[in-house]
Amino acid sequence: MKLRLIAITFNFFIYSAFFLSIFIVYIYTDISRSLPEYKDLIERQSPSLTRYFSDDGFVIHEEYDQYRLFINHKNIPDLLKKAFISAEDKNFYSHNGLDLVGIFRAAGQNLYSYIILNDENRLIGASTITQQLVKNLILDNKRTVTRKVKEIILANKIENFLSKEKILEMYLNEIYLGRGVYGVVAASEAYFNKSLEDLNIEEFAFLAALPKAPSNYDPSSNYDGIKERRDWVLDRMAENEFITKSVAQIIKTYPIVYTEIINNKIDANIDEALIAKIKKESNSKLNQSTGSEGQLNYQTSINYEATQYLKSSVDNFLKSYDYSSESQNYLDIELLLISPITGRRIIDYRHKKNEPARKTFNMRRYNNILKPLYFSGMLKSDFQLNTKLLVSDELGVSPAKLMSVRDLFNNSSTLPSDYLYIGNSFIREYLSSEDFLKNEIIIDDKSEMNINLEQIILLLMPLINNGIFHELSYIDKVTNKETDIIYKPVNNKRRVVDEKLSFKIKSLLCTFDNKSVDQDKTYFLSRDCSFSSQINDDMFIMAFSADILVGVIIRGEAYLQKDNFLADFNEKIINPLINIMQEEELKDYLIPDNVKLIEINKDTGNIFNVGSNGVLEFF
Numbered sequence: 000m001k002l003r004l005i006a007i008t009f010n011f012f013i014y015s016a017f018f019l020s021i022f023i024v025y026i027y028t029d030i031s032r033s034l035p036e037y038k039d040l041i042e043r044q045s046p047s048l049t050r051y052f053s054d055d056g057f058v059i060h061e062e063y064d065q066y067r068l069f070i071n072h073k074n075i076p077d078l079l080k081k082a083f084i085s086a087e088d089k090n091f092y093s094h095n096g097l098d099l100v101g102i103f104r105a106a107g108q109n110l111y112s113y114i115i116l117n118d119e120n121r122l123i124g125a126s127t128i129t130q131q132l133v134k135n136l137i138l139d140n141k142r143t144v145t146r147k148v149k150e151i152i153l154a155n156k157i158e159n160f161l162s163k164e165k166i167l168e169m170y171l172n173e174i175y176l177g178r179g180v181y182g183v184v185a186a187s188e189a190y191f192n193k194s195l196e197d198l199n200i201e202e203f204a205f206l207a208a209l210p211k212a213p214s215n216y217d218p219s220s221n222y223d224g225i226k227e228r229r230d231w232v233l234d235r236m237a238e239n240e241f242i243t244k245s246v247a248q249i250i251k252t253y254p255i256v257y258t259e260i261i262n263n264k265i266d267a268n269i270d271e272a273l274i275a276k277i278k279k280e281s282n283s284k285l286n287q288s289t290g291s292e293g294q295l296n297y298q299t300s301i302n303y304e305a306t307q308y309l310k311s312s313v314d315n316f317l318k319s320y321d322y323s324s325e326s327q328n329y330l331d332i333e334l335l336l337i338s339p340i341t342g343r344r345i346i347d348y349r350h351k352k353n354e355p356a357r358k359t360f361n362m363r364r365y366n367n368i369l370k371p372l373y374f375s376g377m378l379k380s381d382f383q384l385n386t387k388l389l390v391s392d393e394l395g396v397s398p399a400k401l402m403s404v405r406d407l408f409n410n411s412s413t414l415p416s417d418y419l420y421i422g423n424s425f426i427r428e429y430l431s432s433e434d435f436l437k438n439e440i441i442i443d444d445k446s447e448m449n450i451n452l453e454q455i456i457l458l459l460m461p462l463i464n465n466g467i468f469h470e471l472s473y474i475d476k477v478t479n480k481e482t483d484i485i486y487k488p489v490n491n492k493r494r495v496v497d498e499k500l501s502f503k504i505k506s507l508l509c510t511f512d513n514k515s516v517d518q519d520k521t522y523f524l525s526r527d528c529s530f531s532s533q534i535n536d537d538m539f540i541m542a543f544s545a546d547i548l549v550g551v552i553i554r555g556e557a558y559l560q561k562d563n564f565l566a567d568f569n570e571k572i573i574n575p576l577i578n579i580m581q582e583e584e585l586k587d588y589l590i591p592d593n594v595k596l597i598e599i600n601k602d603t604g605n606i607f608n609v610g611s612n613g614v615l616e617f618f
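Going by numbering that gives the first Met the number 0, the residue at position 517 of the sequence shown is 516; the numbering climbs one at a time, nothing skipped.
Because the hints were derived from the structure by calculation, they are not lab data. Worth double-checking, as some hints may not be accurate.
Claimed, not checked - Once the Cα atoms are required to be at most 27 Å apart in a straight line, the calculated BS3-like pairs of lysine-lysine come out as:
id: 1; residue 1: 310; residue 2: 351
id: 2; residue 1: 571; residue 2: 310
id: 3; residue 1: 487; residue 2: 284
id: 4; residue 1: 284; residue 2: 476
id: 5; residue 1: 279; residue 2: 351
id: 6; residue 1: 476; residue 2: 492
id: 7; residue 1: 89; residue 2: 244
id: 8; residue 1: 193; residue 2: 165
id: 9; residue 1: 156; residue 2: 89
id: 10; residue 1: 73; residue 2: 163
id: 11; residue 1: 561; residue 2: 318
id: 12; residue 1: 163; residue 2: 211
id: 13; residue 1: 134; residue 2: 165
id: 14; residue 1: 278; residue 2: 310
id: 15; residue 1: 165; residue 2: 73
id: 16; residue 1: 351; residue 2: 571
id: 17; residue 1: 193; residue 2: 211
id: 18; residue 1: 284; residue 2: 492
id: 19; residue 1: 156; residue 2: 480
id: 20; residue 1: 251; residue 2: 89
id: 21; residue 1: 193; residue 2: 480
id: 22; residue 1: 351; residue 2: 278
id: 23; residue 1: 310; residue 2: 561
id: 24; residue 1: 561; residue 2: 571
id: 25; residue 1: 276; residue 2: 492
id: 26; residue 1: 251; residue 2: 193
id: 27; residue 1: 279; residue 2: 480
id: 28; residue 1: 318; residue 2: 571
Could you build all of it, start to finish, from the sequences and the hints given here?
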């Protein structure tokens, strides 16, 4: 009888276990069918912070849906990993997504802490780091049995799909840590205003103390609570032998030195119009095929400190001319500083007041801005710098007299009408034969051309850059969250005018005399290279060196008519700006091999003879 009862009981448990197994398999299979495609979700990049950096390392703009900065697991400090493992998942490296030992330990410790100690700060979670990752990345926060089962199943699948280091990396980048930030890098900035590698042990423990209830543990509102929680993490680190007990005891005496809650928005004092230009260029260069989703870092060519220096210099300069916000006088200053060698835009500055800025010139009225191009047409023809032209009073020369092309350039605003057709023909050929200004500058049927500062610089750049044209760019490179370069501008340079012609134009634009050439006659000294043009209340200024080009447009009759305004502007703004932006000592211009340096008679333009007024000239 007793054996029969044992047999019945044994069979009951066997059948119960069998049917329970079938039920568990059915539930597992049924729930598994409704699981999301976890691999796609894992590989998808979460919303991250996109940053725009200046050339000199300043963050000038940020964009984000979630304030998160990604960090690769190789760059995460080891002690920070150990702090989170101690606080959240002691057996992280040994379980397979579900920690049964941890569940029973957490249940027992939480009962003791809550009932005996009446201390909620010492409560610990039973979910593993992998389960928390699943909850944060894939599932919702509903507290249901089905969701919990899905969490366990997915945690196991992810453990088989990813390495432990990758799981920990994703967790430390995904987790919300209060103050509107996600991930340990952003939290390091938000709470300590430090980079992650600059944190110390107690700050690692502080961050590891936050996941339990980040909104409730902000030190600004609950210092005692987070201090106790941080100290508890330090004890767990000592218990796990990540630090010694004596070190933990010492560090627990340290206060939490934190930064008050600040607005995460960057205020770099950069003009919004400039940011819009940079974003427009970046949007046109990047697309889905470049893998441009998720966190991106844009390295721009803009020099932040030079821009701020310029702003301060202009403000101080205008104060000396009784300029104030109450003044009704119209003033518009536009400045673009580039590297003609690379096409990088280094400074893009605008100061305007009182009237809508007029961005373009009508070249029928302002054709003297293109004076270097008109003379390029002359020199490309059969004319030399020493060729004598008959100049009449139409150019303000009275009585009419012969002048060399060089003297004419230095003493008139344009060509005599008898020679204008040569310049016009060259400019049309220059624009039509080269596609570097395609869709940029349009000449209509009435021969009118509207042109802005950047387009003027594009037109004149090859003339002072050995005949080479570079497309202008704000973006130096773009990297993704793994710091892989996903975009870099192509060195898109091409020759558009002859080097010999370019050199001769440079010699017109720079101060040139017999002292400008070295003894070996191989270099032309770069000195006071500039060009300016003014009509009424509009002034265009260009100044350049071997590796810097500055273009300026100033509009405002009340200021341009003031004595010494332009001379002061050059002395106090443009020249210092070029000097501080020089990457090296002022370079001299190498005289091309096909350019001859010959001494001529300055008065006649003929070959020099003993006793005549001699001067060097390029041929």
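Tested hints:
1. This hinted pair checks out: residue 310 and residue 351 have alpha carbons roughly 12 Å apart, not beyond 27 Å.
2. Proposed proximity of residue 571 and residue 310 is supported: the alpha carbons are some 12 Å apart, at most 27 Å.
3. Simply put, residue 487 and residue 284 have alpha-carbon atoms about 9 Å apart, close enough for the 27 Å limit, and the pair holds.
4. This hinted pair checks out: residue 284 and residue 476 have alpha carbons roughly 11 Å apart, not beyond 27 Å.
5. Proposed proximity of residue 279 and residue 351 is supported: the alpha carbons are some 22 Å apart, at most 27 Å.
6. This hinted pair checks out: residue 476 and residue 492 have alpha carbons roughly 17 Å apart, not beyond 27 Å.
7. A distance of roughly 17 Å separates the Cα atoms of residue 89 and residue 244; the hinted pair therefore holds under the 27 Å criterion.
8. For the hint linking residue 193 to residue 165, the alpha-carbon distance of about 24 Å falls within 27 Å, and the restraint holds.
9. Using a Cα cut-off of 27 Å, the hinted pair residue 156 and residue 89 holds, with the two alpha carbons roughly 20 Å apart.
10. Between residue 73 and residue 163 the CA atoms are separated by roughly 12 Å; this keeps the pair inside 27 Å, and the hint holds.
11. This hinted pair checks out: residue 561 and residue 318 have alpha carbons roughly 14 Å apart, not beyond 27 Å.
12. Pair hint residue 163 plus residue 211 holds up; C-alpha atoms about 21 Å apart against a cutoff of 27 Å.
13. Using a Cα cut-off of 27 Å, the hinted pair residue 134 and residue 165 holds, with the two alpha carbons roughly 16 Å apart.
14. Distance restraint check for residue 278 and residue 310: the Cα-Cα separation of roughly 22 Å lies within the 27 Å cut-off, and the hinted pair is therefore satisfied.
15. Distance hint between residue 165 and residue 73 is fulfilled; the C-alpha atoms sit about 10 Å from each other, no more than 27 Å.
16. Taking the CA atoms of residue 351 and residue 571, the gap is near 19 Å; set against the 27 Å cutoff, the hint holds.
17. Proximity of residue 193 to residue 211 is assessed by CA-CA distance (about 23 Å); at most 27 Å being required, the pair is judged to hold.
18. This hinted pair checks out: residue 284 and residue 492 have alpha carbons roughly 17 Å apart, not beyond 27 Å.
19. This hinted pair checks out: residue 156 and residue 480 have alpha carbons roughly 25 Å apart, not beyond 27 Å.
20. Restraint check for residue 251 and residue 89: satisfied, since their Cα atoms lie roughly 21 Å apart, inside the 27 Å limit.
21. Between residue 193 and residue 480 the CA atoms are separated by roughly 19 Å; this keeps the pair inside 27 Å, and the hint holds.
22. With a CA separation close to 22 Å, the supplied pair residue 351 and residue 278 stays within the 27 Å bound.
23. Proximity of residue 310 to residue 561 is assessed by CA-CA distance (about 21 Å); at most 27 Å being required, the pair is judged to hold.
24. Proximity of residue 561 to residue 571 is assessed by CA-CA distance (about 16 Å); at most 27 Å being required, the pair is judged to hold.
25. This hinted pair checks out: residue 276 and residue 492 have alpha carbons roughly 22 Å apart, not beyond 27 Å.
26. Simply put, residue 251 and residue 193 have alpha-carbon atoms about 21 Å apart, close enough for the 27 Å limit, and the pair holds.
27. For the suggested pair residue 279 and residue 480, the alpha carbons sit about 21 Å apart, so the restraint of at most 27 Å is met.
28. Proximity of residue 318 to residue 571 is assessed by CA-CA distance (about 13 Å); at most 27 Å being required, the pair is judged to hold.
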